[in-house]
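Trainee: Please construct the entire structure, taking both the sequences and the accompanying hints into account.
Residue numbers (the UniProt record's numbering), protein chains in the order written: chain A, 1 to 118; chain B, 1 to 246.
Derived from the structure by calculation, the hints contain no laboratory data.
Watch out, some of these pointers could steer you wrong.
Stated by the list, open to error - As a list, the in silico DSS-like pairs of lysine-lysine whose alpha-carbon atoms are at most 30 Å apart:
#1 B/K232 with B/K218
#2 B/K113 with A/K32
#3 A/K32 with B/K232
#4 B/K46 with B/K114
On a predicted model such as this, the values are computed, not experimentally measured, just so you know.
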Amino acid sequence: MAGHGDSGSDKKSSEATDLPIFNAENLQSNMKVIYYCRTFMSIIGGVTAGILGFTGLTGFIFYLIIMGATSVGLIAKAGFSVPSYFDSWNQIVLDGFLGGLMSFVLFWTFAYDIVHIF
Amino acid sequence: MAEDLVLDTAIRDWVLIPLSVVMVLIGILRYFVSKLMRSSQVPDAKIVKEGQLIVRARNLRASANFIPAKSFRARRFYYSNEENGLLFVPKGQAQNAQAQMFSDPNMAMDMMKKNLSMIIPQTLTFAWVNFFFSGFVAAKIPFPLTQRFRSMLQNGIDLSTVDVSYVSSRSWYFLNLFGLRGLFSLILGEENATDDTQRMMQMSGFGFDPTRSLGAEKDGLDIIQHDWALPKFEQHAESVLQKLVH
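Mentor: Right, here's the structure in full:
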């Protein structure tokens, strides 16, 4: 997983002025990194859930936990100063949530079938 | 509902795993084929010029508040005056550009190549799956679903007593088709050619008209409210520096 360190930081002055100062390209690059992390984690999480043999609601709760852990990891990577890298908290917590679900279900099914069904 | 079905391990070894591997490999192959077929035509100078112009105008609009009011007015006049402003398009030319775009054979050809490279592998794979694996129960999804999903997940087997969570091989193909997108974006990089939804978006934007975006950019420049931000920045810098000192 690539960090955001190489993409440079978007400084946004939050005090004194309410003028947003950020670099759109860097912001986009940060979003891309988040998207990659989420996809990667949802695939890994899907395989893990399948191997552990979760079924039904347990699996989806597992997905929620994985995504929550990813969010916490990303926030930690951003040095707990999210506003200097992203527009809002929504972006780091919710973005790519549904996109990863499809991959998660596919790999969950795949691993579950291979290990448990046959 | 029916009790658990016993599936043969041969189905796993000869249907489930090969099908998924083939789907991944075909996705990669398709990426490279479409990369090879992409013709590197020389872009039209006029279109490139207009694109750059739009980028410049957008930059001006985005950072308008960082230059003094006089400089901003001068730049805006340069872009959008009614006589020879760069963003000002005479009425007659608009139709012309669009017609030229449509009649450009290279463009249509490129479009068709892209489409073919998408459709042909999909049809072939679907025919292959249909021919070899029709009527298998290939997989079981690990969560319960309602009857409504039966036609989606058990495409190809007509048994109403089988539990809905069993997936036929043809439907496993469809699941792969949609679910592997994330994997492709990981292994092929950002602009992979397999993203079908993005393709659709591009297709709808086929009749894209550069002159219209020029006009839109001009309107955007015209309505902008200029407010020079920098005078306040001395206080801001002072407070930042003071915080550093303390």
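Trainee: Keeping to a limit of 30 Å between CA atoms, is the pair of B/K113 and A/K32 held or broken?
Mentor: At roughly 28 Å apart (the allowed maximum being 30 Å), A/K32 and B/K113 satisfy the hint.
Trainee: Does B/K218 lie within 30 Å of B/K232 when you go C-alpha to C-alpha?
Mentor: Roughly 29 Å between the alpha carbons, so the hint for B/K232 and B/K218 holds.
Trainee: Does the structure keep A/K32 and B/K232 at a Cα separation of 30 Å or less?
Mentor: 34 Å, violated
Trainee: If you draw a straight line from the CA of B/K46 to the CA of B/K114, is it 30 Å or shorter?
Mentor: 24 Å, holds
Checked against the numbered hints given earlier, this structure breaks only hint 3.
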